[in-house]
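Protein chains: 2
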Amino acid sequence: MGGDHGPPVVVAGVREYRKRHGGEGVRFLLHGDEAAIRAEMARNALGDDVCEVRHTDKVVAMTEKPAQAMRRGKGSSLWNAVEAVKAGEAGAVVSAGNTGALMAISKLILRMSAHGLERPAIVASWPTLRGVTAVLDVGANVESDAEQLVEFAIMGEAFHAAVHGGGKPTIGILNVGSEDMKGHEEVREAARILREGGFGLAYNGFVEGDDIAKGTVDVVVTDGFTGNIALKTAEGVARFISALMKEALTSSVPAKAGALLALPALKRMRQKIDPSAINGGPLLGLNGIVVKSHGGADAKGFGNAIRIAVELARSDYLEKVSKSLNRLTAVLEQPAAEDAAMETPQ
Amino acid sequence: MGGDHGPPVVVAGVREYRKRHGGEGVRFLLHGDEAAIRAEMARNALGDDVCEVRHTDKVVAMTEKPAQAMRRGKGSSLWNAVEAVKAGEAGAVVSAGNTGALMAISKLILRMSAHGLERPAIVASWPTLRGVTAVLDVGANVESDAEQLVEFAIMGEAFHAAVHGGGKPTIGILNVGSEDMKGHEEVREAARILREGGFGLAYNGFVEGDDIAKGTVDVVVTDGFTGNIALKTAEGVARFISALMKEALTSSVPAKAGALLALPALKRMRQKIDPSAINGGPLLGLNGIVVKSHGGADAKGFGNAIRIAVELARSDYLEKVSKSLNRLTAVLEQPAAEDAAMETPQ
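As given, the protein sequences belong to chains A and B, one line each in that order. So the first sequence is numbered by our numbering: it starts at 1 and just counts up by one. So the second sequence is numbered by our numbering: it starts at 1 and just counts up by one.
Watch out, some of these pointers could steer you wrong.
Identical copies look the same in the list; a pair holds intra-copy or inter-copy alike.
Pairs of lysine-lysine residues, derived as DSS-like cross-links and limited to a Cα-Cα distance of at most 25 Å, are as follows [claimed, not checked]: (1) K19 with K168; (2) K65 with K182; (3) K86 with K272; (4) K65 with K86.
Simulated from the structure, these hints should not be mistaken for lab results. What you are looking at is a predicted structure, and each value in this text was computed from that prediction instead of being measured.
Can you build the whole structure from these sequences, using the hints too?
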């Protein structure tokens with residue numbers, strides 16, 4: 001029921017997912033208003049063999065505050081969808097609904113696996129010159145200490161390996177320079193833990209802002225404040241350049257003619273940075289797979305969010321992360337143990 | 001002597017400044033190797049009426065560390081240029097040299113006027129849909145408390161009014177959302193001081209990353225860590241889109257023909273985001289005007305850095321900032337005074 005459009009986009013998203021990504025053996029539990037959902041299933045030629053409808057009248061509004069949604073959300077389509085993951089009925093949940101409510105309800109029902117985090121981390125799949133780079137956190141954890149940054153690295157790596165594939169993902173921590181002494185205490189300490197912690201990660205050191213679009217590394221780790229601002233700044237710049245382009249290419253008759261000739265090439269270029277091709281941001285750090293689709297996504301975009309959820313669910317993502325997070329807990333407890341050992345001789 | 005090119009660009013920059021921006025009544029002290037400088041003066045038809053040469057053999061290398069430059073830099077062209085401002089011989093210094101050395105030597109000789117800052121702030125002039133927005137700090141002060149953020153607001157406003165002109169500049173603090181409770185303690189406290197401090201500034205509240213390129217406000221205030229990453233992320237995205245464009249417009253014969261037709265319009269567009277048209281970042285927070293040109297800037301770019309220095313020197317920038325910084329000191333001392341007053345009755 002979530003997102004700006006509700007069932008028409010969500011159900012058409014199932015069709016798009018099956019059309020573009022196959023989806024053999026994937027079945028869907030659709031939570032919400034049965035009549036509205038069944039109407040869309042008919043329109044998209046989806047039968048009961050693929051979709052099972054779980055009726056509820058209750059909906060979490062897009063404007064509801066997270067605390068409100070947690071108190072009053074029980075039995076809503078969003079709540080029931082997350083519950084189905086907890087109960088083992090579903091391998092993952094995909095929602096285009098209220099982000100704050102999805103985070104709060106997911107945390108309440110599934111609990112955090114990353115104990116350093118206050119809230120699940122949001123990862124952005126960023127198109128780059130070399131492919132796709134995962135950037136996290138881009139939203140929820142505004143102040144991130146070294147432990148949280150390392151958790152982002154662990155989860156981002158497992159996410160990139162499961163969804164964007166191709167070899168062992170490389171990791172960088174976002175900073176104001178690449179030298180070891182650059183930046184504040186949190187990034188320097190996180191770098192130390194990643195280098196010495198024995199997580200088996202390909203940690204490449206500090207990266208700078210322009211390394212994101214270059215694709216210097218596969219996973220860029222940063223606190224939620226900086227990540228959110230970097231992402232939105234990038235969106236702003238992309239829209240700014242696009243507005244200038246449009247202005248330039250309609251500014252004269254020859255420019256218009258030129259634009260017409262170059263149109264197919266420009267369209268192919270646009271596909272490379274098409275938001276719907278990268279739609280679907282998993283909420284990381286939970287005991288279960290939760291993928292957030294953009295509220296304004298179209299069916300193709302929602303289909304891509306489904307693809308990400310399926311790839312995460314079919315991979316070893318959850319076990320891999322759980323193992324590394326346990327290792328992190330051990331590493332963080334170590335200094336205390338060493339101090340104790342050093343005290344023994346006395 | 002500074003920058004990637006030395007006298008050929010610096011002296012040609014003087015010519016460009018005079019050609020593009022008039023510069024009546026502006027005279028130049030050129031510090032460095034007299035023979036090299038005089039050769040460039042002859043090449044650019046600049047006489048002794050405009051340029052006075054101050055010879056020195058000593059140069060701060062581009063690779064020198066700031067601490068090294070402070071210890072060994074005395075008598076170098078960079079040092080002497082800053083000294084001339086301190087001595088009242090020059091109204092401003094413009095350098096394309098070693099940024100760290102320029103900051104360290106400027107701080108040593110001119111001293112900070114903004115007492116909350118460890119280092120001068122660097123301001124970026126950011127092209128937007130509405131004109132130019134000043135973003136600061138983009139480099140030096142990696143951890144910025146509320147006092148520093150307010151200092152950035154005061155200095156950024158005076159800079160924008162002096163250089164980018166046109167009405168009273170509006171100010172926003174960069175954050176992850178526009179609501180009052182968003183972000184961390186430092187930004188919320190800075191917002192409170194700006195709202196209640198009586199600085200006579202047009203403070204508009206929190207802005208998000210995409211507001212920079214939109215030009216929502218004239219001055220965007222942020223800590224040096226986030227500002228540096230936002231700026232470099234934006235540069236990376238601009239280069240990424242430019243690379244995709246180039247690829248698209250050379251990908252087929254019709255695309256190439258289209259690009260050719262649209263070329264004049266695309267060139268005009270490029271001028272709007274031409275780095276040399278916005279080159280010149282003042283180091284703010286010093287008792288004197290210091291403008292840093294990009295090391296790789298061309299003569300036109302260096303000429304623009306000169307323009308910025310002249311406009312700052314001819315404006316009431318320094319007095320205006322000094323007055324507001326004094327006001328800030330009073331405001332910050334106030335709570336302590338109130339506490340004392342509240343204790344009196346006991």
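Results for each hint:
1. K19 with K168: Neither: 29 Å inside a copy, 55 Å across copies.
2. K65 with K182: For K65 and K182, the Cα distance is within 25 Å only across copies (14 Å; inside one copy 38 Å).
3. K86 with K272: Intra 36 Å, inter 53 Å, cutoff 25 Å: neither.
4. K65 with K86: Classified as within; 23 Å inside a copy, 56 Å across copies.
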